[in-house]
Amino acid sequence: MAASSTARSFLQVAATEEVVSPLRVVQIEGLVILKIIKHCKEFSPALVTGQLLGLDVGSVLEVTNCFPFPIREEDEEIEADGANYQLEMMRCLREVNVDNNTVGWYQSTILGSYQTVELIETFMNYQENIRRCVCIIYDPSRSNQGVLALKALKLSDSFMELYRANSFTGEKLREKNLSWVDIFEEIPIKVSNSALISAFMTELESDTPVTQCDYDRLQLSSNPYMERNMEFLIECMDDLSMEQQKFQYHYRNLSRQQAQQQSWLQKRRAENMARKAAGEEPLPEEDPANPIFKPIPEPSRLESFLITNQISNYCNQINGVAGQSFNRLYLMKALHDN
Amino acid sequence: MEAGDRTVLQFSTQSTANLSAKVHPLVVFNICDCYVRRPDQAERVIGTLLGSVLSDGTVDIRNSYAVPHTESAEQVALDIEYHHNMLVSHQKVNPKEVIVGWYSTGLGVTGGSALIHDFYSREVPNPVHLTVDTGFRNGEGTIKAYVSVNLALGDRQLAAQFQEIPLDLRMVEAERVGFDILKTTSVDKMPTDLEGMEVTMQRLLALIDDIYKYVDDVVEGRVAADNSIGRFISDTVAALPKLSPPAFDKLVNDSLQDQLLLLYLSSITRTQLGLAEKLNTAAQIL
Numbered sequence: 012m013a014a015s016s017t018a019r020s021f022l023q024v025a026a027t028e029e030v031v032s033p034l035r036v037v038q039i040e041g042l043v044i045l046k047i048i049k050h051c052k053e054f055s056p057a058l059v060t061g062q063l064l065g066l067d068v069g070s071v072l073e074v075t076n077c078f079p080f081p082i083r084e085e086d087e088e089i090e091a092d093g094a095n096y097q098l099e100m101m102r103c104l105r106e107v108n109v110d111n112n113t114v115g116w117y118q119s120t121i122l123g124s125y126q127t128v129e130l131i132e133t134f135m136n137y138q139e140n141i142r143r144c145v146c147i148i149y150d151p152s153r154s155n156q157g158v159l160a161l162k163a164l165k166l167s168d169s170f171m172e173l174y175r176a177n178s179f180t181g182e183k184l185r186e187k188n189l190s191w192v193d194i195f196e197e198i199p200i201k202v203s204n205s206a207l208i209s210a211f212m213t214e215l216e217s218d219t220p221v222t223q224c225d226y227d228r229l230q231l232s233s234n235p236y237m238e239r240n241m242e243f244l245i246e247c248m249d250d251l252s253m254e255q256q257k258f259q260y261h262y263r264n265l266s267r268q269q270a271q272q273q274s275w276l277q278k279r280r281a282e283n284m285a286r287k288a289a290g291e292e293p294l295p296e297e298d299p300a301n302p303i304f305k306p307i308p309e310p311s312r313l314e315s316f317l318i319t320n321q322i323s324n325y326c327n328q329i330n331g332v333a334g335q336s337f338n339r340l341y342l343m344k345a346l347h348d349n
Numbered sequence: 269m270e271a272g273d274r275t276v277l278q279f280s281t282q283s284t285a286n287l288s289a290k291v292h293p294l295v296v297f298n299i300c301d302c303y304v305r306r307p308d309q310a311e312r313v314i315g316t317l318l319g320s321v322l323s324d325g326t327v328d329i330r331n332s333y334a335v336p337h338t339e340s341a342e343q344v345a346l347d348i349e350y351h352h353n354m355l356v357s358h359q360k361v362n363p364k365e366v367i368v369g370w371y372s373t374g375l376g377v378t379g380g381s382a383l384i385h386d387f388y389s390r391e392v393p394n395p396v397h398l399t400v401d402t403g404f405r406n407g408e409g410t411i412k413a414y415v416s417v418n419l420a421l422g423d424r425q426l427a428a429q430f431q432e433i434p435l436d437l438r439m440v441e442a443e444r445v446g447f448d449i450l451k452t453t454s455v456d457k458m459p460t461d462l463e464g465m466e467v468t469m470q471r472l473l474a475l476i477d478d479i480y481k482y483v484d485d486v487v488e489g490r491v492a493a494d495n496s497i498g499r500f501i502s503d504t505v506a507a508l509p510k511l512s513p514p515a516f517d518k519l520v521n522d523s524l525q526d527q528l529l530l531l532y533l534s535s536i537t538r539t540q541l542g543l544a545e546k547l548n549t550a551a552q553i554l
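Protein sequences, first through last, are from chains Y and E.
Take the first sequence: its position 97, counted from the start at 1, is 108 in the numbering used here, and no numbers get skipped.
Take the second sequence: its position 137, counted from the start at 1, is 405 in the numbering used here, and no numbers get skipped.
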């Protein structure tokens, strides 16, 4: 009896839930980065995906290995094949002592156009099985500019609850104070390497003072990239304006319906007055069977949020590349003057 | 004078004269990772190398995976089924990658390696054997590649010899990622584009300074002039397009204006987004 006063009983410990510390950092190994780069680059411009394996430790999610998924055809048998492939790979990797835990997946993207409904659905699928999962996005087209375009994303919790309830009306969103920025959370990435590989890399590092990375960065022509970015941006603006038109249409319908309701109500009241004067029972003021009382469903705002996210992404990218171009242009100017 | 009776030990080198191998950095990473994760009783790690053979005969090694094996003083046993399973899985993703050889950690080539090499030569006509010295026995990590060459005495096959072939370890992809990220044991933050630009410009500046110093030294007579370097430098300087200053200024200014316009457009777009969002969600349904 005395011991249990200080130490909690087993039942108590089992009953208290673990407090999930928020995910603060994703720690990736250099091996994973190289593998992702290799896979995405080999198949670009096609989009590819793969699975991430690792450990979930406290507020850090460690990603220690990964394997690519084969390109899936839309065929029934190959669907089952895909699941088999995954099981087979996990089993084989476990035999060589690789961490067998799925912690997320990675996918490649073109110019940052990755915010789609499929991404959200995949997140929800993963979230059902794993407590914490992350998605790593790699952009091979941007990496040709000398920037390592690697991002770790996670859906924010409030968004996930809303999605499960499948309601995206304006009311709910205002309740939760959720705007399009809050859908995805970007998590900072840390890179770690084992001591052995760091020793090898230190030795194998080339002696030249200028590396391939520098050649990529100092390239003057960023025009094709900017052009494509602008094209995507324009397309997205078109999509956004379509969504807004849908809203306008909905509001117009709504206000028309309300006007109809008001006029019907007026008529009913006038009728009731007449009936009261005649001494009969007043009719009810509401009539659920009347079609003008049917509530019109509000269009979901999910699409417009996603599109907005994409647009802001493109804008960010344009800003970044423009900044780099400024640097290069001024550099050229200085060199020429000298 | 019976020279015809003598049989000579032949080292047939013509087939391997121009064979060389190229290793991608991912392979080195893979091998080190497998070595770090090996089971306690194993001393070394053995695995398969995947890649392709290029048109000029170079073997391009692009990927690898470890194969569990048991080794004792007398024999070596390799898990062949695992090897085939992994091969099939990898080929589902990338059917162009085929077996090109095998690797093992540790410095030299041991007796057991010959047996394993034999097994691999049944899968591929001329497998490449890569040794990665994770023990750093020579004070540095040596990576060597070997092929097996048959030693024939006249018509009889005597033995097979492991002959070293030149290895190309240029790490272009690793350079792209940045050695700073791959070298240290932990990096706290990924560099942003502007920081990377800064590093590149510093490097360029250092290079230009070096060239200045070299030219100055040559002019003052401190360093012997090397004609080839001089020609190289003059070629580089001549590569700058010969534009008159106004034309060049106009070019630069035009590009600057284009970039500014793009920046302006993207800022407008963001303002529009902010407005649209306020209007959409703030509208009350009456």
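It should be emphasised that the hints constitute simulated quantities derived from the structure, not laboratory data.
Among these hints, one or two may not hold up.
Listed next, the in silico PhoX-like pairs over lysine-lysine satisfying Cα-Cα at most 20 angstroms (straight line) [as the list claims (entries may be wrong)]:
hint	chain 1	residue 1	chain 2	residue 2
1	E	Lys546	Y	Lys257
2	Y	Lys49	E	Lys290
3	Y	Lys278	Y	Lys201
4	Y	Lys162	Y	Lys201
5	E	Lys412	E	Lys290
6	Y	Lys52	E	Lys518
7	E	Lys290	E	Lys364
8	Y	Lys49	E	Lys364
9	E	Lys290	Y	Lys52
10	E	Lys546	Y	Lys52
11	Y	Lys257	Y	Lys162
12	E	Lys364	Y	Lys344
13	Y	Lys49	E	Lys518
Quick list of the computed label-pair ranges, beta carbon to beta carbon [as the list claims (entries may be wrong)]:
hint	chain 1	residue 1	chain 2	residue 2	range
14	E	Arg490	Y	Lys344	46 to 52 angstroms
15	E	Ala382	Y	Ser167	56 to 62 angstroms
16	E	Ile536	Y	Arg35	32 to 38 angstroms
Reference excerpt, derived from the structure (chain E facing chain Y, CB under 10 angstroms, subset only) [said to hold, decoys possible]:
hint	residue
17	Val356
18	Met469
19	Gly498
20	Phe500
21	Val520
22	Leu533
23	Thr537
These numbers come from a predicted model, not from an experiment.
All residues carry an ideal CB built from backbone N, CA and C; glycine is no exception.
Hey, E:Lys290 versus E:Lys364, does the alpha-carbon distance stay inside 20 angstroms? 17 angstroms, holds
Quick check on the hint: E:Thr537 CB to chain Y CB, less than 10 angstroms? OK, holds: E:Thr537 within 10 angstroms of chain Y, min 5 angstroms.
Would the pair Y:Lys49 and E:Lys518 pass a check requiring their Cα atoms to be no farther apart than 20 angstroms? Roughly 41 angstroms separates the two Cα atoms, so the pair is violated.
Any CB of chain Y closer than 10 angstroms to the CB of E:Leu533? With a closest approach of 8 angstroms, the E:Leu533 hint holds.
What's the verdict on E:Lys290 and Y:Lys52, does the C-alpha distance respect the 20 angstroms limit or exceed it? 19 angstroms, holds
So if I understand the rule, the pair passes when the alpha-carbon distance is 20 angstroms or less; does E:Lys412 with E:Lys290 pass? 11 angstroms, holds
Would you check whether E:Gly498 satisfies its interface hint, that is, whether its CB is within less than 10 angstroms of any CB in chain Y? 19 angstroms, violated
Hinted pair Y:Lys52 and E:Lys518, Cα distance within 20 angstroms: Violated: Y:Lys52 and E:Lys518 sit about 37 angstroms apart, past 20 angstroms.
Does the beta carbon distance between E:Arg490 and Y:Lys344 stay inside 46 to 52 angstroms, or does it fall outside? The hint (46 to 52 angstroms, Cβ to Cβ) is violated, given that E:Arg490 and Y:Lys344 are roughly 33 angstroms apart.
For Y:Lys162 and Y:Lys201, compute the direct alpha-carbon distance and say whether it is at most 20 angstroms. Roughly 11 angstroms separates the two Cα atoms, so the pair holds.
Using Cβ atoms only, decide whether E:Val356 comes closer than 10 angstroms to chain Y, and label the hint accordingly. OK, holds: E:Val356 within 10 angstroms of chain Y, min 8 angstroms.
With a cut-off of 10 angstroms, does the beta carbon of E:Met469 approach a beta carbon of chain Y closely enough for the hint to hold? 7 angstroms, holds
In the structure shown, a violation is registered for the earlier hints numbered 3, 6, 10, 11, 12, 13, 14, 19, 20, in ascending order.
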